[in-house]
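Peer 1: Make the full structure from the sequences, and use the hints.
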Amino acid sequence: MRSSRPSALLWFACAASILLAGCTHVAPYQRGKLAHPTMTADDQGPAASHVLAVQEGATGGGSLAESGCGCN
Amino acid sequence: MQLTGRPDSIVRVFRVLLLIAAFLASVWATRAAGADPDDAEDPAELELKPGQVPEDTATYRASSEVAAYTDTDNVSVLTPSIGFGIGNLNGASLRASYLVDVVSAASVDVVSTASPRWDEVRHAGSLSTEYKPGDFGFALGGSVSSEPDYLSYGGFGRLIKDFSEKNWTVFLGAGVSRDVIGRCGGIDGECTPFSVFSRRVLRSTLNGGFNLVVDTASTAGLSLDIVFDSGDQSKPYRYVPMFSPSVAPTVPRGADVDWVNSHRLPERPLEQLPLSRRRYALTARYARRMGPATLRLMERGYSDTWGMLASSTDARFILDLGKRFAAGAHARFHVQGGVNFWRRAYVSGAGWDLPLYRTGDRELGPLWTATGGLGFNAYLGSAADPQRWALELTADGMYTSFLDTLYVVDRKAMLGALGFVGSF
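Those sequence lines, one after another, are chains A and E.
Residue numbering for the first sequence is 1 to 72, as defined by our numbering.
Residue numbering for the second sequence is 1 to 424, as defined by our numbering.
If you're looking for bench data, these hints aren't it; they were derived computationally from the structure.
One should not assume that every hint holds.
[Said to hold, decoys possible] Chain A stretches covered by chain E per the calculated footprint, using a threshold of three residues with CB under 8 angstroms from any CB of chain E:
#1 8-17
#2 34-40
#3 44-51
#4 54-61
[As the list claims (entries may be wrong)] Simulated restraints on C-beta separations:
#5 HIS25(A) to ARG61(E): 26 to 32 angstroms
#6 CYS23(A) to PRO193(E): 42 to 48 angstroms
#7 CYS14(A) to PRO269(E): 21 to 27 angstroms
#8 PRO133(E) to TYR29(A): 19 to 25 angstroms
#9 ALA315(E) to SER7(A): 27 to 33 angstroms
#10 SER7(A) to LEU297(E): 20 to 26 angstroms
#11 HIS25(A) to PHE424(E): 43 to 49 angstroms
#12 SER104(E) to TYR29(A): 51 to 57 angstroms
#13 SER7(A) to LYS161(E): 31 to 37 angstroms
#14 PRO249(E) to SER7(A): 35 to 41 angstroms
For glycine and all other residues, C-beta sits at the position ideal for the given N, C-alpha and C.
Peer 2: Dropping the structure here:
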């Protein structure tokens, strides 16, 4: 079941190039807004994470510190 | 998951959670009562004098959450959880979490096999640590999930490197976990020991990417996950109805249990999935602070060697309502195609001539799910730092359309959570 689609690394490289193109250097003292608690990525509770793991056939994009969904 | 309930263990779990909640509440009450609005630290006082020993800058964070899930397929789950973290400990941090899932189900999959409603308790815990005294650091962690017929445990490691005054952070990690799949549901609901019957699945994960500062109000990130599954993940409870070649094309979407039982062939084999799977996910994140509001976006593209393609789009908008309150909205859309061996109606030839791979797992078929939700935060900390203690309430509604399945064509679900988070 080998896929002939473009490799994941190629997609990653393309997306990274697009993201990097629009960046500017921001000094630490200019990051007051970025430090706001709602700007952090960890805003999903454990129950919601588990529901998504069970109900979506896809995975990835979360923490590595996960064990199986227990959805036997 | 075909188990009997364990009321004693549930009661014990709730006692422990109540004790922890009482502890958190008492700590909060003590801190809030003793807080002085003027106790904000003067930056000038933070400068060290010659010979002065730096203060302990460790921060402690505790959280608890109780979540409830219910859907139109007669599945309900109650999930209390707790978490604890220590940060800024000379570059080191530690995080721990523990949760319990109390599941009760009488879904159509259970009914279609003439099985009674089952109840089950799952325990899951994780522990991770990170050491990053400067621009370079590493993280290590492990997790375990246990229920009577399923055990999973694993660990991971990750390297982290900051560049350009932390305008960039690059990370690269790897993890491995092992699932042991068993079976319960005999007389009186007893379980077969793993040593007598079990299936083992080994899962290896590679994860890499970067986060970056886009401008003074925006951050973005990109990550790639590659997951290798090896082993038989087939569910030992999932029986797949078979149809003759002439009947299979006539099976309607969402055919009910009676229709299926009256038209299927006598044989009803267990599910059989391929023994390996490679999974790829590319995830992009973007967050922007706009005045009193924050917008967070996530897009994940997914592909695997079973032929599944999927897209998940997630958006959150959080608006501060003064210093003490915040309200938020959440939207998510997930769409996926089915795996390449997915069939609404599998065909069996004469003499137990079964398809090599077969499944009734709706999450392996084509579907889409739309989620909408609201959230509300109340900040209970001191006037100088109100967000130090927070009460969080969220509610999400989910609608799933199964595009090519037996028994059901859709599912409506609700997930609500009440959380309490404190830093001290």
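Peer 1: Now tell me if each hint is right for this structure.
Peer 2: We went through each hint and held it up to the structure:
| no. | hint | result |
| --- | --- | --- |
| 1 | 8-17 | holds (count 6) |
| 2 | 34-40 | holds (count 5) |
| 3 | 44-51 | holds (count 6) |
| 4 | 54-61 | holds (count 8) |
| 5 | HIS25(A) to ARG61(E): 26 to 32 angstroms | holds (31 angstroms) |
| 6 | CYS23(A) to PRO193(E): 42 to 48 angstroms | violated (56 angstroms) |
| 7 | CYS14(A) to PRO269(E): 21 to 27 angstroms | violated (43 angstroms) |
| 8 | PRO133(E) to TYR29(A): 19 to 25 angstroms | holds (22 angstroms) |
| 9 | ALA315(E) to SER7(A): 27 to 33 angstroms | holds (28 angstroms) |
| 10 | SER7(A) to LEU297(E): 20 to 26 angstroms | holds (25 angstroms) |
| 11 | HIS25(A) to PHE424(E): 43 to 49 angstroms | violated (35 angstroms) |
| 12 | SER104(E) to TYR29(A): 51 to 57 angstroms | holds (53 angstroms) |
| 13 | SER7(A) to LYS161(E): 31 to 37 angstroms | violated (24 angstroms) |
| 14 | PRO249(E) to SER7(A): 35 to 41 angstroms | holds (37 angstroms) |
Against the hints set out earlier in the document, violations occur for numbers 6, 7, 11 and 13.
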